[in-house]
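So the sequence lines, in the order shown, correspond to chains D and Y.
The working numbering puts the first residue of the first sequence at 11, with every later residue one more than the last.
The working numbering puts the first residue of the second sequence at 11, with every later residue one more than the last.
Calculated from the structure, these hints are not laboratory results.
Incorrect hints may have been included.
Only pairs whose alpha carbons sit at most 20 angstroms apart, straight line, appear in this in silico EDC-like list of lysine to aspartate or glutamate [claimed, not checked]: (1) D:K91 - D:E12; (2) Y:K39 - D:D42; (3) D:K39 - Y:D43; (4) Y:K14 - D:D68; (5) Y:K91 - D:D43; (6) D:K14 - Y:D68.
Below, each chain spelled out in residue letters.
2 protein chains.
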Amino acid sequence: MEWKIIGIIAAVCTTSGFIPQIIRGMRTKRLDDISPVMYMLLILGLSLWLSYGIHIDDMIIITANAAGLAFSLFIVFLRFKYIRRR
Amino acid sequence: MEWKIIGIIAAVCTTSGFIPQIIRGMRTKRLDDISPVMYMLLILGLSLWLSYGIHIDDMIIITANAAGLAFSLFIVFLRFKYIRRR
Chain D
11 MEWKIIGIIA AVCTTSGFIP QIIRGMRTKR LDDISPVMYM LLILGLSLWL
61 SYGIHIDDMI IITANAAGLA FSLFIVFLRF KYIRRR
Chain Y
11 MEWKIIGIIA AVCTTSGFIP QIIRGMRTKR LDDISPVMYM LLILGLSLWL
61 SYGIHIDDMI IITANAAGLA FSLFIVFLRF KYIRRR
């Protein structure tokens, strides 16, 4: 049972990790140093993990990767928005 | 069998995603816009995923999260190094 909890905490950490990056980006209106290629790979990987989670019907994998995918897409959008504004 | 391959591709994408960020950081010598709090959470999460992978003896989870952990630590080191240099 504890390992299930460790898996949930791990998923919460890796998924919620995007939130401080979003907050920082919105505060500084600057995300130039972020690699868009990194986020493209993350978006691809998270999409595959999401489809994998749906296939094996695992709510933790589905929720973590759906949230991670939404956050990653938002970061890419913010970066594009702030760079275009200058 | 295909879903095992999708899992591997997903792991490769999310893990290799850090590499373009490292390359960009080393090229520009600038990682100011990256949220250190994000990487702290990622490092914590990846460490937990790594221990989870060791517990269930799953080489894909172990390899992906060990590599992700090493890359994340290196990005935090680079950020610290470049900011301190100025």
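Check the hint pairing K14 of chain D with D68 of chain Y against an upper bound of 20 angstroms on the C-alpha distance. holds, 15 angstroms
Holds or violated: K91 of chain D and E12 of chain D, Cα atoms, limit 20 angstroms. Violated: K91 of chain D and E12 of chain D sit about 42 angstroms apart, past 20 angstroms.
Pair hint K14 of chain Y and D68 of chain D, alpha-carbon separation not exceeding 20 angstroms: Roughly 15 angstroms separates the two Cα atoms, so the pair holds.
Within 20 angstroms, alpha carbon to alpha carbon, are K91 of chain Y and D43 of chain D? Status holds; Cα separation ~15 angstroms.
Please work out if K39 of chain Y and D42 of chain D have their alpha carbons no farther apart than 20 angstroms. Status holds; Cα separation ~12 angstroms.
CA of K39 of chain D to CA of D43 of chain Y, is that 20 angstroms or under? OK: K39 of chain D and D43 of chain Y at ~9 angstroms, within 20 angstroms.
In this structure, the one hint that does not hold is number 1.
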